[in-house]
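For the record, the sequence lines run as chains Z and V.
With the numbering used here, the residue at position 107 of the first sequence is 107, and numbering never jumps.
With the numbering used here, the residue at position 46 of the second sequence is 46, and numbering never jumps.
Hints are computed from structural coordinates only; laboratory data are not their basis.
Keep in mind that the hints are not guaranteed to be accurate.
To give an idea of the chain V side of the interface with chain Z (calculated C-beta under 7 Å), a few residues [stated by the list, open to error]:
(1) Gln25
(2) Val99
(3) Val136
(4) Asp142
(5) Phe148
(6) Glu256
(7) Ala260
So the derived label-pair ranges between C-beta atoms look like this [as the list claims (entries may be wrong)]:
(8) His132(Z) with Trp56(V): 33 to 39 Å
(9) Pro150(Z) with Thr252(V): 25 to 31 Å
(10) Leu160(Z) with Arg197(V): 27 to 33 Å
(11) Gly50(Z) with Ala39(V): 46 to 52 Å
(12) Gly50(Z) with Cys90(V): 53 to 59 Å
(13) Val36(V) with Ala89(Z): 48 to 54 Å
(14) Ala262(V) with Glu71(Z): 36 to 42 Å
(15) Ile47(V) with Asp161(Z): 47 to 53 Å
(16) Lys27(Z) with Ala226(V): 35 to 41 Å
(17) Asp177(Z) with Ala226(V): 36 to 42 Å
(18) Arg201(Z) with Lys165(V): 45 to 51 Å
(19) Asp161(Z) with Gln48(V): 48 to 54 Å
(20) Ser63(V) with Pro166(Z): 50 to 56 Å
Computed from a prediction, not measured in an experiment: that's the story for all the values here.
Virtual Cβ for every residue (Gly too), placed ideally from N, Cα, C.
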Amino acid sequence: MSPSDQADLVYAFDIPAEQPWSRVLKKGETLRIIDSEGEQAVDALMYAAGDTAERYSAQDTLRIQGSAYIELGTKLISNRGQVMARITADTCGRHDTSAGCCSCESNAVRFGEATRYLHACRENFILELSRHGLTKRDIVSNLNFFMNVPIEPTGNFTVLDGPSSPGNYVDVTAEMDVLFVISNCPQVNNPCNGFDPTPIRVEIRATPAA
Amino acid sequence: MSGESKAERAAANRRRYEELRAAGQELKQLPAPTAVDGAPIAHDAIIQTEQVPPGWHATVRLSRGEALRITDDLGRSSVSLLAWRSEDPCERINCADTVKVQWSAALSKGRMILSDMGRVLLSVIEDTSGSHDLLVGGSTADSILAAFGEVTRNTQANFISAAAKIGLGLRDIPPCVTFFAPVTTDATGRFVWHAARKRPGDFVDLRAEMNLIVAVSNCAHPLDPARPAVTAPITLMRHRLPPPAADDVCRTASSEAVRAYAFTDQLFA
Chain Z
1 MSPSDQADLV
11 YAFDIPAEQP
21 WSRVLKKGET
31 LRIIDSEGEQ
41 AVDALMYAAG
51 DTAERYSAQD
61 TLRIQGSAYI
71 ELGTKLISNR
81 GQVMARITAD
91 TCGRHDTSAG
101 CCSCESNAVR
111 FGEATRYLHA
121 CRENFILELS
131 RHGLTKRDIV
141 SNLNFFMNVP
151 IEPTGNFTVL
161 DGPSSPGNYV
171 DVTAEMDVLF
181 VISNCPQVNN
191 PCNGFDPTPI
201 RVEIRATPAA
Chain V
1 MSGESKAERA
11 AANRRRYEEL
21 RAAGQELKQL
31 PAPTAVDGAP
41 IAHDAIIQTE
51 QVPPGWHATV
61 RLSRGEALRI
71 TDDLGRSSVS
81 LLAWRSEDPC
91 ERINCADTVK
101 VQWSAALSKG
111 RMILSDMGRV
121 LLSVIEDTSG
131 SHDLLVGGST
141 ADSILAAFGE
151 VTRNTQANFI
161 SAAAKIGLGL
171 RDIPPCVTFF
181 APVTTDATGR
191 FVWHAARKRP
201 GDFVDLRAEM
211 NLIVAVSNCA
221 HPLDPARPAV
231 TAPITLMRHR
241 LPPPAADDVC
251 RTASSEAVRA
261 YAFTDQLFA
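I would like the entire structure built from these sequences, with the hints used as guidance.
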């Protein structure tokens, strides 16, 4: 990391494995999400800070983009059609926004009743959102950074091994003031976290990194 | 965990994941599509029929065990749909879980539409089309303006109106499914529209697995290239069904389906 990168830093935090995090990004600020140890999925949601009924919309984002994956340059669109943020750097590649987050309930359907009582992203989202007066109603299809979910022409849809290497990062630059919410994914039943959830790091800079 | 090392647990979980994936994607034999003149509904099974004009929305309440037939009368419409559980509308359609749990973004006869609570909202018990969209969603004022140069009725506005009339708001509107919207992804992830897969009279029968409020919007899909915009009515028919048989195609489609229906049945045990 160059000295100017450090000088611009206004906030940094290491999010422990399996834990949630949230913070308001001011318009123009850039959030860097770093997969510190590699192969770690990061589930994320966004809300307009001024009116949280306006939120990230996966379908509006994909419709406007015309394609199914989140990548460098993708505009992240709200349910009111506004650009909430853009992907301004990415050392990993493609990210998912169609697979949603894991929940105790969907885990029980996918992997059997024995997996119901395991920590899950929706538990994280519910608890973190509750700090901002938001509820389960406010949770919709989220961003899954560092998660490789190819969709084949037949429709086949598979969560593959986490594609990121230690230190890979993605930058999200806010186009409006947004509440950014993360669940550092605790899933151990599919390969998105290498079956071993690990910490991630978030850094906020006043402007997009050079 | 009792004596099981982290590595052993990881290996066991990977094995289970691969077995489920293979079962979901390679071994599954989905039923053939319903014939367009197939699956007639007896007159005395019909509870209610409604024709929805182009651009409009309608709301239907379904009791568990009833079905909604949606027919694309002229083969020119796409029908976006949301569903909420009547007794607790914070339980609602979840397109992401619907796709992920079934290992497929393609919806067709024999599939289920899941709620966010690991339960089945709707079963696709008949389907002539097999060409539906769970990824792109409905039209909006912006998408209509960009496509046609003027703002007309659209699915985003229709869902806001439909939700408001049952006491719900913007927060209660999740991603939707759109029937008769032949969208696939190509190898690079671009969405592709297959106009030839739309036929007059295409229909789906959706069996309610819990008591539901269903909102449908009859607006052109945002990827539909037809100009001017498609304008054609759809027909909704709410009808009674016999109880599902032991070998019901949806309830027995996969181990995931067996679990999802079991969890749903517990609501009514």
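Range hint compliance [Cβ, Pro150(Z) to Thr252(V), 25 to 31 Å]:
28 Å, holds
Between Leu160(Z) and Arg197(V), does the C-beta distance stay in 27 to 33 Å?
28 Å, holds
With chain Z as the partner, please determine if Asp142(V) meets the hint condition of a C-beta pair closer than 7 Å.
Holds - the Cβ of Asp142(V) comes within 7 Å of chain Z, reaching about 4 Å at its closest.
Honestly, do Asp177(Z) and Ala226(V) meet the 36 to 42 Å range at C-beta?
39 Å, holds
For the pair Gly50(Z) and Ala39(V), does the Cβ-Cβ distance stay inside 46 to 52 Å?
50 Å, holds
Hold the hint about Ala260(V) up to the distance rule: shortest CB distance to chain Z must be less than 7 Å.
5 Å, holds
Distance restraint hint 35 to 41 Å, applied to the beta-carbon atoms of Lys27(Z) and Ala226(V)
38 Å, holds
Per the CB criterion, is Glu256(V) less than 7 Å away from chain Z?
Since the shortest Cβ distance to chain Z is 6 Å, the answer is holds.
Outcome for the supplied range 45 to 51 Å, where the beta carbon pair is Arg201(Z) and Lys165(V):
At 46 Å between Cβs, range holds.
Can the suggested window of 47 to 53 Å be confirmed for the beta-carbon pair Ile47(V) and Asp161(Z)?
Given about 49 Å between the Cβ atoms, the range holds.
Just tell me: holds or violated, for the beta carbon distance of His132(Z) and Trp56(V) against 33 to 39 Å?
36 Å, holds
A range of 48 to 54 Å was offered for this pair. Does it hold for the Cβ distance of Asp161(Z) and Gln48(V)?
Once the Cβ atoms are compared, 49 Å apart, the range 48 to 54 Å for Gln48(V) and Asp161(Z) holds.
The structure shown violates the earlier hints numbered 5 and 12.
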